[in-house]
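Make a model of the complete structure from these sequences and hints.
Those sequence lines, one after another, are chains L and E.
First residue of the first sequence? That's 0 in numbering that gives the first Met the number 0, and the numbers climb one at a time after it.
First residue of the second sequence? That's 0 in numbering that gives the first Met the number 0, and the numbers climb one at a time after it.
Keep in mind that a hint or two might mislead.
[What the hints assert, rightly or not] Mimicking DSBU-like on lysine-lysine, the simulated pairs with C-alpha atoms at most 35 Å apart in a straight line are:
no. : chain 1 : residue 1 : chain 2 : residue 2
1   : L       : LYS60     : E       : LYS129
2   : E       : LYS128    : E       : LYS26
3   : L       : LYS83     : E       : LYS26
[What the hints assert, rightly or not] Going by beta-carbon spacing under 7 Å, a handful of chain E positions derived as facing chain L:
no. : residue
4   : GLY85
5   : ALA123
6   : LYS157
7   : VAL161
8   : PHE163
9   : ASN224
The set of hints was computed from the structure by calculation and includes no laboratory data.
Please read all numbers here as calculations on a predicted model, not as lab measurements.
We treat Cβ as the ideally placed atom computed from N, Cα and C, and that holds for glycine.
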Amino acid sequence: MMKSAYISNTLSYNPDLCNGCGMCSVVCPHRVFVQNERVAQLVRARACMECGACQRNCPTKAITVSSGTGCAYAQMLAALRGKKEACWDIKNNKSCSS
Amino acid sequence: MTQPTSSSITLKNRWDHFLVRIGYRRKWHRVSPGLYSLGRPNSESPVFVTANYTLSFDALRSSLKDIDCYILVLDTKGINVWCSAGGELFSTEEVANRVESVSLHKVVSHRTLILPQLSASGVAAHEVKKKSGFKVEYGPIRAKDVPEYLKTHQATQKMRQVRFNPGDRLILVPVEITNTFLPLLITTIIFFIVGGFLLAAGWAATVLAGLVLFPILLPWIPTPNFSTKGFILGGAVALPFALAVIISKPDTALWQKIVWALIYLTAFPSITAFLALNFTGSTTFTSKSGVRREIFAYFPVIACMFGGSILGMVLIIVLRHFGVR
Chain L
0 MMKSAYISNT LSYNPDLCNG CGMCSVVCPH RVFVQNERVA QLVRARACME CGACQRNCPT
60 KAITVSSGTG CAYAQMLAAL RGKKEACWDI KNNKSCSS
Chain E
0 MTQPTSSSIT LKNRWDHFLV RIGYRRKWHR VSPGLYSLGR PNSESPVFVT ANYTLSFDAL
60 RSSLKDIDCY ILVLDTKGIN VWCSAGGELF STEEVANRVE SVSLHKVVSH RTLILPQLSA
120 SGVAAHEVKK KSGFKVEYGP IRAKDVPEYL KTHQATQKMR QVRFNPGDRL ILVPVEITNT
180 FLPLLITTII FFIVGGFLLA AGWAATVLAG LVLFPILLPW IPTPNFSTKG FILGGAVALP
240 FALAVIISKP DTALWQKIVW ALIYLTAFPS ITAFLALNFT GSTTFTSKSG VRREIFAYFP
300 VIACMFGGSI LGMVLIIVLR HFGVR
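Okay, here's the thing in structure tokens:
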């Protein structure tokens, strides 16, 4: 049996590029980053769900992550259609969460 | 041009929320994009930004009781804040374009927008500033925390952390049932015709366990992966039906009873595991790469178990047809 599929992720952080703006710690919904006096600290890397909010709001590109939806239905549907996955399907009136 | 709105939730709004929760015409629960005024705002009043999904808009405006403000509603195609941000509908461009189209710089004298935190996966705050001249401030995750946030414009750690408590999970159940009701009804009838009451009842019970019990019991089912949690739950539900098939049917040969029991013990857990795997998208914590690993590891197992059990079912029915008892 496979160990946790969620034990690793694609998050990567280069503190040398951080300008200390603190946006990553503001936008992360899982407190993966905390802001100390000078730069951000990656404190809960395993909790990252790859939403991409930190990467998008990092002005110095210190954070990279292969973001996307953690939805099996969306991923399987995207694989069948050969399109990028999305957590909503406007055409078929489906959305995973509210 | 601003449109007036209020913080009160009417009976009509509540009916709309009910329809959303049961999954009725999910794409039609929309608010017209544009700028709304709540109370008696002036040029100093805060501007909140939200999605044009009725649940998102209503959650925000109902939490802003006695607060004079503006609400800028984006065109997110009737999708909630987090999902639309993930799909880049609640995006940097949409924020900047909407600010421009409602001429916000003429309505307010300050240059600050308050966005929901969960929109950050679609919006780059520094890019919005460049494109529109407005600074983005990310408010709390939940609209109900906005009044507290407004006192200091600082969110507590609790306000910034997403949750997935029993209430959050339970509220997803009706829409899951609605989406699955017709296929469940059809397959249950087919199984009743093919295998009788036990098979049909076991099938319906297993699917309902995957749709209702799984979200409720999620944190307490052992193993870290959704599929394996589904196998465990499905196995627990299938077991009494498998035992019942051995005890009942006195006119059936023992080997056939054992085969039927094995069919129950493979078909039912595989469907629960599949439903559990699909529930990943409803949670607030599964990652894209993790779900991908789960699909590659467990989907072949699920498919083989289900396919094998259906094949077994067909074989035993064909044998029965030819008089093998």
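Hint check results:
Annotation: proposed proximity of LYS60(L) to LYS129(E) holds, straight-line Cα distance about 17 Å (limit 35 Å). For the hint pairing LYS128(E) with LYS26(E), the CA-to-CA distance comes to about 31 Å; that is within 35 Å, so the pair holds. Distance restraint check for LYS83(L) and LYS26(E): the Cα-Cα separation of roughly 20 Å lies within the 35 Å cut-off, and the hinted pair is therefore satisfied. Checking GLY85(E) against chain L by beta carbon gives a least distance of about 5 Å; that is within 7 Å, so the hint holds.
Using the Cβ-Cβ criterion of 7 Å, the hint placing ALA123(E) at the interface with chain L is satisfied: the shortest such distance is roughly 5 Å. Contact between LYS157(E) and chain L, as hinted, is not supported at the beta carbon level, the nearest pair being about 10 Å apart and thus beyond 7 Å. Here the hint on VAL161(E) is kept, as its CB sits about 4 Å from the closest CB of chain L, short of 7 Å. The beta carbon of PHE163(E) comes no nearer than 10 Å to any beta carbon in chain L, farther than 7 Å, and the hint placing it at the interface is violated.
A cut of 7 Å between beta carbons decides the hint on ASN224(E): the least distance to chain L is about 5 Å, and the hint holds.
The earlier numbered hints that this structure contradicts are 6, 8.
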